[in-house]
Amino acid sequence: MFYAMRVLIGQEKNVASLLAQSVKHEDTGISAILSPESMKGYIFVESDKTLDMRHPALKVPNLRGLVEGDVDFDELKSFLSPDQSIVNIEKGSIVELTSGPFKDEKAKVVRIDEAKEDVVLELIEAAVPIPVTVKGDQIRLIQKEAE
Amino acid sequence: MAERACPRCRCVTFDKVCPLCKTETSSDWTGLIVVLNPDESDLAKELNISFPGRYALKVRK
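Chains as they are written, first to last, in this note's numbering: chain A, -14 to 132; chain B, 136 to 196.
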């Protein structure tokens, strides 16, 4: 059975590692702990027993509690193979930056490095066109290809 | 020191060379799965993990 647990946002990996250490020699039935990047504030636990949060091994810092009910395995499958973030982006596309120092700026795609998932952009509103390299998950597609 | 992951077996380690397959590790990785009991775990079977340990879900070279 799979269970979702609420954790402090940003501490998902730490909680997963601490929980694994804590339950290693305990009979809690936990066989795997999953912390997907796209799921902020939650981790998933696979266990063949019903989890009892009163168990001392489950008292881990930054672990906020158990979500009621279990999770379907099919729902977790999508987290196991994260899609490439630059799959729809082409050279010449207009994108918007979603994080970093140029957040909310619009830019045109100049070059794509598929192996590294890097995208080289040229900011549209900048006076001097300077190429900026960002990761594929830091941009959002606005227009597929500029005329 | 930041943790690194092997692009081949996805094992998470602090070393620059993977302890399992001796491939050069990468610092650019996302997602984590901690496998405690690979024989009992459906997640480990789905990801073809046969040894207990910490693994990344996605590793960029």
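Bear in mind the hints are in silico, worked out from the structure with no lab data behind them.
Among the hints, a few may not be true.
Just the calculated beta-carbon pair ranges, DEER-fashion [said to hold, decoys possible]:
| no. | chain 1 | residue 1 | chain 2 | residue 2 | range |
| --- | --- | --- | --- | --- | --- |
| 1 | A | Gly26 | B | Glu181 | 20 to 26 Å |
| 2 | B | Met136 | A | Lys91 | 23 to 29 Å |
| 3 | B | Thr158 | A | Asp55 | 33 to 39 Å |
| 4 | A | Pro114 | B | Asn183 | 44 to 50 Å |
| 5 | B | Glu181 | A | Lys91 | 38 to 44 Å |
| 6 | A | Glu90 | B | Thr148 | 33 to 39 Å |
| 7 | A | Met38 | B | Phe186 | 27 to 33 Å |
| 8 | B | Asp150 | A | Lys76 | 33 to 39 Å |
| 9 | A | His10 | B | Ser185 | 43 to 49 Å |
| 10 | A | Pro114 | B | Thr148 | 38 to 44 Å |
| 11 | B | Ser185 | A | Ser66 | 34 to 40 Å |
Note that the structure is predicted; figures quoted are calculated from it, not measured.
Quick reminder that beta carbons are idealized off the backbone N, C-alpha and C, glycines included.
Okay, the hints, checked on the actual structure:
{"no.": "1", "hint": "A/Gly26 to B/Glu181: 20 to 26 Å", "result": "holds (23 Å)"}
{"no.": "2", "hint": "B/Met136 to A/Lys91: 23 to 29 Å", "result": "violated (37 Å)"}
{"no.": "3", "hint": "B/Thr158 to A/Asp55: 33 to 39 Å", "result": "holds (36 Å)"}
{"no.": "4", "hint": "A/Pro114 to B/Asn183: 44 to 50 Å", "result": "holds (46 Å)"}
{"no.": "5", "hint": "B/Glu181 to A/Lys91: 38 to 44 Å", "result": "holds (39 Å)"}
{"no.": "6", "hint": "A/Glu90 to B/Thr148: 33 to 39 Å", "result": "holds (37 Å)"}
{"no.": "7", "hint": "A/Met38 to B/Phe186: 27 to 33 Å", "result": "holds (29 Å)"}
{"no.": "8", "hint": "B/Asp150 to A/Lys76: 33 to 39 Å", "result": "holds (38 Å)"}
{"no.": "9", "hint": "A/His10 to B/Ser185: 43 to 49 Å", "result": "violated (21 Å)"}
{"no.": "10", "hint": "A/Pro114 to B/Thr148: 38 to 44 Å", "result": "holds (41 Å)"}
{"no.": "11", "hint": "B/Ser185 to A/Ser66: 34 to 40 Å", "result": "violated (18 Å)"}
Hint check: violations occur at hints 2, 9 and 11; the rest are consistent with the structure.
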